[in-house]
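Chemist: Sequence:
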Amino acid sequence: GCTVRMELAQKNMEKGKDGLFKRLGGEEGISHFMERFFDIVVVDNRIRGFFQGKDIKTIREGARVYFTEALGGPKIYKGRDLAEIHKALGVTDYDFDCFLAGIEKALSGLGVEDETIDEVVVTMEPVRPALLGRARGLAAHAKMKDGQTILERIGGDMNVEAIVDTMFVGLLTDARVRFFFEQSREKIDTMKRSFAALAVGGFGGPVTVDDRKVRRVHYTLNVTDYHFDTMMENFWYACDLMEVDTETIADASDVLGK
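Just so we're on the same page, my numbering is the position in the sequence shown counted from 1, plus 22.
A portion of the hints provided could be inaccurate.
As the list claims (entries may be wrong) - Calculated pairs, DSS-like style, for lysine-lysine (alpha carbon to alpha carbon, straight line, at most 25 Å):
1. K100 with K76
2. K44 with K127
3. K97 with K79
4. K100 with K79
5. K79 with K109
6. K100 with K44
7. K97 with K109
8. K167 with K209
9. K109 with K76
10. K97 with K44
11. K76 with K127
12. K109 with K167
No lab work stands behind these hints, which were simulated from the structure alone.
Turn these sequences into a full structure, and let the hints steer you where they fit.
Modeler: So this is what it looks like as structure tokens:
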């Protein structure tokens, strides 16, 4: 599973990054990687807002230099500190996960082996704290817009329930996570009701579910970031089908990620 892969990647990285840099094709390979990566992220509806109106060529070149050093190449990065660069951008855990997904997609498209991709992800994960402009899962009251809560912006309880129904249709057929949902119909219905109630409470409605109990239920399931990201992809898609605006989806996703 994903957890085992990441543990193996972590062990490989403990030996140093020289081999990783070579397997990525050296400086030329990193350049191709950055070209493919930015082709992906600038059109990703979830994070493309970070790049609108920006000089992509300059950003890409800075990223190329940074990644070259970070992935085991020459120490040539002389740019500003990452925390300083991203301070005003409000990058969240969800945004960072989207960037990691872009990295995986770009490298996969270039024919890089899964083992090497895992090592790149493991290498970039420690960068997360420097890029986050705010904590994950801010309270719903901090997500107010024009005096409306996330729940009100989504359209109320019934819309949340419809989104959850659509999300579960995706989860039940998604090969990455469907094994978690091999349950009776009654059990699935209970899961949907619980998730909808949790979401309503998190989005600014009545709190009827203790999220601490939800966490305890999942402790033994070996749910990884990969599985959670897959769930959030299905949540995002379900919201999009309901024509929820991008900013509201991002805020809702951030709250669910707490």
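Chemist: Now, for every hint given, state plainly whether the structure supports it.
Modeler: Evaluation of the provided hints:
no. : hint           : result
1   : K100 with K76  : 21 Å, holds
2   : K44 with K127  : 20 Å, holds
3   : K97 with K79   : 21 Å, holds
4   : K100 with K79  : 17 Å, holds
5   : K79 with K109  : 21 Å, holds
6   : K100 with K44  : 22 Å, holds
7   : K97 with K109  : 24 Å, holds
8   : K167 with K209 : 36 Å, violated
9   : K109 with K76  : 16 Å, holds
10  : K97 with K44   : 15 Å, holds
11  : K76 with K127  : 23 Å, holds
12  : K109 with K167 : 22 Å, holds
Of the numbered hints given earlier, the model fails hint 8 alone.
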